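Spelled out from the first residue to the last, the chains are:
Protein chains: 2
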Amino acid sequence: MKNVKIGIIQMRVVEDKKENIRRAGDYIKEVTKNGADIAVLPEMFNCPYDTENFPKYAEKEGGETYTSLSKLADENNIYLVAGSVPEEDMGRVYNTSFVFDRSGNKIGKHRKMHLFDIDVEGGQYFKESDTLSPGEELNVFDTEFGKFGLAICYDFRFPEVGRIFAQKGAKAIIVPAAFNMTTGPAHWEIMFRSRALDNQVYTIGVAPARDEDSNYISYANSMVVSPWGNIIERMDEKEGYRIVDINFDCIQKVRQELPLLKHRRTDIYSLDLIVK
Amino acid sequence: MKNVKIGIIQMRVVEDKKENIRRAGDYIKEVTKNGADIAVLPEMFNCPYDTENFPKYAEKEGGETYTSLSKLADENNIYLVAGSVPEEDMGRVYNTSFVFDRSGNKIGKHRKMHLFDIDVEGGQYFKESDTLSPGEELNVFDTEFGKFGLAICYDFRFPEVGRIFAQKGAKAIIVPAAFNMTTGPAHWEIMFRSRALDNQVYTIGVAPARDEDSNYISYANSMVVSPWGNIIERMDEKEGYRIVDINFDCIQKVRQELPLLKHRRTDIYSLDLIVK
Numbered sequence: 246m247k248n249v250k251i252g253i254i255q256m257r258v259v260e261d262k263k264e265n266i267r268r269a270g271d272y273i274k275e276v277t278k279n280g281a282d283i284a285v286l287p288e289m290f291n292c293p294y295d296t297e298n299f300p301k302y303a304e305k306e307g308g309e310t311y312t313s314l315s316k317l318a319d320e321n322n323i324y325l326v327a328g329s330v331p332e333e334d335m336g337r338v339y340n341t342s343f344v345f346d347r348s349g350n351k352i353g354k355h356r357k358m359h360l361f362d363i364d365v366e367g368g369q370y371f372k373e374s375d376t377l378s379p380g381e382e383l384n385v386f387d388t389e390f391g392k393f394g395l396a397i398c399y400d401f402r403f404p405e406v407g408r409i410f411a412q413k414g415a416k417a418i419i420v421p422a423a424f425n426m427t428t429g430p431a432h433w434e435i436m437f438r439s440r441a442l443d444n445q446v447y448t449i450g451v452a453p454a455r456d457e458d459s460n461y462i463s464y465a466n467s468m469v470v471s472p473w474g475n476i477i478e479r480m481d482e483k484e485g486y487r488i489v490d491i492n493f494d495c496i497q498k499v500r501q502e503l504p505l506l507k508h509r510r511t512d513i514y515s516l517d518l519i520v521k
Numbered sequence: 246m247k248n249v250k251i252g253i254i255q256m257r258v259v260e261d262k263k264e265n266i267r268r269a270g271d272y273i274k275e276v277t278k279n280g281a282d283i284a285v286l287p288e289m290f291n292c293p294y295d296t297e298n299f300p301k302y303a304e305k306e307g308g309e310t311y312t313s314l315s316k317l318a319d320e321n322n323i324y325l326v327a328g329s330v331p332e333e334d335m336g337r338v339y340n341t342s343f344v345f346d347r348s349g350n351k352i353g354k355h356r357k358m359h360l361f362d363i364d365v366e367g368g369q370y371f372k373e374s375d376t377l378s379p380g381e382e383l384n385v386f387d388t389e390f391g392k393f394g395l396a397i398c399y400d401f402r403f404p405e406v407g408r409i410f411a412q413k414g415a416k417a418i419i420v421p422a423a424f425n426m427t428t429g430p431a432h433w434e435i436m437f438r439s440r441a442l443d444n445q446v447y448t449i450g451v452a453p454a455r456d457e458d459s460n461y462i463s464y465a466n467s468m469v470v471s472p473w474g475n476i477i478e479r480m481d482e483k484e485g486y487r488i489v490d491i492n493f494d495c496i497q498k499v500r501q502e503l504p505l506l507k508h509r510r511t512d513i514y515s516l517d518l519i520v521k
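If you read the sequences in order, they're chains A and B.
All residue numbers for the first sequence refer to my numbering, where the first residue is 246 and numbers rise by one.
All residue numbers for the second sequence refer to my numbering, where the first residue is 246 and numbers rise by one.
No wet-lab data here; the hints were simulated from the structure.
What you are looking at is a predicted structure, and each value in this text was computed from that prediction instead of being measured.
Take these hints with a grain of salt, some might be off.
Straight line, CA to CA, 20 Å or less: simulated EDC-like cross-link-like pairs of lysine to aspartate or glutamate [what the hints assert, rightly or not]: (1) A:LYS507 to B:GLU381; (2) A:LYS507 to B:GLU382; (3) A:LYS507 to B:GLU502; (4) A:LYS507 to B:ASP375; (5) B:LYS507 to A:ASP490; (6) B:LYS316 to A:ASP512; (7) B:LYS498 to A:ASP364; (8) A:LYS521 to B:ASP481; (9) B:LYS521 to A:GLU382; (10) B:LYS507 to A:GLU502; (11) A:LYS372 to B:GLU502; (12) A:LYS498 to B:GLU502; (13) A:LYS351 to B:GLU373; (14) A:LYS507 to B:ASP362; (15) B:LYS507 to A:ASP458; (16) B:LYS521 to A:ASP490; (17) B:LYS372 to A:ASP375; (18) B:LYS274 to A:ASP362; (19) B:LYS413 to A:ASP362; (20) B:LYS498 to A:GLU366; (21) B:LYS498 to A:ASP362; (22) B:LYS392 to A:GLU382; (23) A:LYS521 to B:ASP512; (24) A:LYS507 to B:GLU366; (25) A:LYS498 to B:ASP334; (26) A:LYS413 to B:GLU381; (27) A:LYS507 to B:ASP512; (28) B:LYS507 to A:ASP512; (29) B:LYS507 to A:GLU366; (30) B:LYS413 to A:GLU382; (31) A:LYS413 to B:ASP517; (32) A:LYS498 to B:ASP271.
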C-alpha cells in the first residue's frame with residue numbers, strides 16, 4: 246500500500262477570525278503543494294483558546310468558517326481535518342471538529358465530549374465547562390486509505406477513547422489539541438505514545454503554535470507516533486507545518502509480531518459504547 | 246496519612262529453586278530491616294524464565310515455595326507480594342502471584358490472564374502459551390494502607406486492566422514483570438508511566454535483574470511511578486533492592502487538580518468485568 250502523507254499544520258491563532266481562516270487556507274495550499282493527502286489543523290484554529298471567546302466566535306454548522314474550509318478541501322483536492330472551532334447549535338456552544346473529503350463534502354464531525362476543567366496548585370486553571378457543552382458521540386471517519394479516529398485534546402486523556410477507535414477499525418487517530426505549559430511537558434508525549442502503542446495505530450496530535458502573549462499558552466509540539474510507539478515527527482513550539490509519511494502496512498506487521506488486540510481477554514472484560 | 250514504604254527486590258534468578266527461595270528470604274529480611282511495609286519480588290523469581298522450565302518448577306498452592314514465603318512474611322511482619330511462580334493445579338500450569346499479609350495469611354492471588362506470545366522480526370520470540378494456561382480473574386487486594394491492584398507483566402499491556410483496578414478502588418498497582426531487551430527499551434517506561442497517569446495511581450514494576458547468559462534476558466529497570474506520571478525510582482540492570490516511599494494522599498491531590506476519573510463519560514462508554 247502506498248504511503249499516506251499527512252500535512253500537520255501548527256499554525257498561530259490570532260484575534261481576527263477571518264485572518265485565521267485566510268492563514269489556514271495558505272497552509273492548506275502549501276501542504277497540498279508538498280504532496281499531502283490529508284491536512285490537519287489545530288484545536289480552536291479560528292478562535293484564541295479562552296472560555297470567554299468560545300460563544301463570541303461560535304458559528305452554526307454551515308457558517309463562514311465551515312463553508313470556507315469545505316471550499317478549501319475541494320479546491321485543493323485534499324482531505325481536511327479542520328482542527329476544531331466553536332460551534333453554536335440550539336443555544337449551546339460545542340468544541341467541534343469537521344472533516345471534509347477531497348470534494349469538500351463533510352465526512353466526519355466530532356464534538357469534544359470530555360470538557361477540560363483543571364485547577365493545578367501553582368499551575369494551570371481552566372474550565373471549558375464555563376461556556377461549552379459536551380458532545381455525546383464517538384465515531385470514526387472513512388477515507389480511501391482506511392478509517393481514522395477523531396478526538397479533541399482532553400478526549401484523548403481517556404484510554405477508553407483510543408481503544409474504542411481501535412475496536413471500530415481505526416488505523417490512525419487524529420487529535421486536534423492544545424495542551425498547556427503544565428500538562429504539555431508532563432503528559433503530551435506519554436499520551437500520544439501510549440495510545441499508539443496500546444492500540445497499535447498511528448496517533449497524530451496537532452496543536453496551535455506557542456504564543457507567549459496569549460491567555461492560554463499552547464505547548465505546541467505537534468507529534469506523529471508509530472504503532473510501535475516511536476515518535477516519527479515532533480515539532481517544536483514555533484509556527485510551521487510538516488508532511489509526515491505514514492503507512493498502514495506497518496500496522497499489520499506490528500499486530501502480527503505482538504498481537505495485543507487479539508490477546509485482549511474480551512471474555513473477561515468488555516469496553517463498549519452504551520446504546521441509548 | 247503516613248508514607249507506605251515499598252521494598253522492590255530486583256533479584257537475580259538462578260537454576261536452583263531452593264537457592265532462589267533462600268535469596269528471596271535474605272532480601273525480604275533486608276528490606277524489612279530498612280523499614281519496608283510491603284516487599285515485592287519479581288516475576289518467576291524461583292524459576293528461570295523459560296517455557297520448558299515452567300512445568301518442571303511448578304508446585305501446587307501450599308507447596309514448598311508458598312509455605313516458605315508465607316513464613317517469611319510472618320517472621321518479618323511484612324506484607325509480601327511474592328512475585329510470581331509456576332503453579333500447578335489440576336494438571337495445568339499457571340504463572341501465579343500470591344500475596345501474604347504480615348501474619349503470612351494469603352490475602353491475594355493472581356494468575357497471569359494474558360499470556361505473552363511474541364515474534365518480532367529480528368527480535369524476541371517467546372510463546373508462554375506453549376506450556377502455561379491463563380488465569381480468569383482480575384482482583385484487588387486490601388491492606389491497612391488501602392487497596393492494591395495486582396497484575397503480571399503482559400497483563401499490564403492492556404489498558405483495560407489498569408482501568409478496572411482504578412474502578413475497583415486501587416491506589417497502587419503492583420506488577421511483577423520481566424520485559425526483554427526488545428520490548429523493554431521500547432515500551433517498559435511508557436507502560437508504567439501511562440497507566441499511572443491515566444488512572445492516577447502509583448504503579449510499581451518489579452523485574453528480575455539482567456542475566457546476559459539466560460535464555461530470556463530481562464530488561465530489569467524495576468520502576469515506581471507517581472499518579473502524575475513521574476518516575477520516582479528506576480533501577481538499572483543490576484541486582485539489588487530499593488525502599489520507595491509512596492503516599493496515598495498524593496492521589497487525592499492529583500485527582501482534585503485534574504479529575505480524570507470523575508470526567509470519564511460513563512454515560513457514553515462502559516468498561517466492565519463480564520459476569521459469568
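Evaluation of the provided hints:
{"no.": "1", "hint": "A:LYS507 to B:GLU381", "verdict": "holds (16 Å)"}
{"no.": "2", "hint": "A:LYS507 to B:GLU382", "verdict": "holds (18 Å)"}
{"no.": "3", "hint": "A:LYS507 to B:GLU502", "verdict": "violated (36 Å)"}
{"no.": "4", "hint": "A:LYS507 to B:ASP375", "verdict": "holds (17 Å)"}
{"no.": "5", "hint": "B:LYS507 to A:ASP490", "verdict": "violated (37 Å)"}
{"no.": "6", "hint": "B:LYS316 to A:ASP512", "verdict": "violated (36 Å)"}
{"no.": "7", "hint": "B:LYS498 to A:ASP364", "verdict": "holds (10 Å)"}
{"no.": "8", "hint": "A:LYS521 to B:ASP481", "verdict": "violated (50 Å)"}
{"no.": "9", "hint": "B:LYS521 to A:GLU382", "verdict": "violated (29 Å)"}
{"no.": "10", "hint": "B:LYS507 to A:GLU502", "verdict": "violated (36 Å)"}
{"no.": "11", "hint": "A:LYS372 to B:GLU502", "verdict": "holds (12 Å)"}
{"no.": "12", "hint": "A:LYS498 to B:GLU502", "verdict": "violated (40 Å)"}
{"no.": "13", "hint": "A:LYS351 to B:GLU373", "verdict": "violated (47 Å)"}
{"no.": "14", "hint": "A:LYS507 to B:ASP362", "verdict": "holds (11 Å)"}
{"no.": "15", "hint": "B:LYS507 to A:ASP458", "verdict": "violated (32 Å)"}
{"no.": "16", "hint": "B:LYS521 to A:ASP490", "verdict": "violated (45 Å)"}
{"no.": "17", "hint": "B:LYS372 to A:ASP375", "verdict": "violated (52 Å)"}
{"no.": "18", "hint": "B:LYS274 to A:ASP362", "verdict": "violated (46 Å)"}
{"no.": "19", "hint": "B:LYS413 to A:ASP362", "verdict": "violated (24 Å)"}
{"no.": "20", "hint": "B:LYS498 to A:GLU366", "verdict": "holds (9 Å)"}
{"no.": "21", "hint": "B:LYS498 to A:ASP362", "verdict": "holds (15 Å)"}
{"no.": "22", "hint": "B:LYS392 to A:GLU382", "verdict": "violated (34 Å)"}
{"no.": "23", "hint": "A:LYS521 to B:ASP512", "verdict": "holds (9 Å)"}
{"no.": "24", "hint": "A:LYS507 to B:GLU366", "verdict": "holds (18 Å)"}
{"no.": "25", "hint": "A:LYS498 to B:ASP334", "verdict": "violated (36 Å)"}
{"no.": "26", "hint": "A:LYS413 to B:GLU381", "verdict": "violated (26 Å)"}
{"no.": "27", "hint": "A:LYS507 to B:ASP512", "verdict": "violated (27 Å)"}
{"no.": "28", "hint": "B:LYS507 to A:ASP512", "verdict": "violated (27 Å)"}
{"no.": "29", "hint": "B:LYS507 to A:GLU366", "verdict": "holds (18 Å)"}
{"no.": "30", "hint": "B:LYS413 to A:GLU382", "verdict": "violated (26 Å)"}
{"no.": "31", "hint": "A:LYS413 to B:ASP517", "verdict": "holds (18 Å)"}
{"no.": "32", "hint": "A:LYS498 to B:ASP271", "verdict": "violated (45 Å)"}
Violated hints, in rising order: 3, 5, 6, 8, 9, 10, 12, 13, 15, 16, 17, 18, 19, 22, 25, 26, 27, 28, 30, 32; the structure is consistent with all others.
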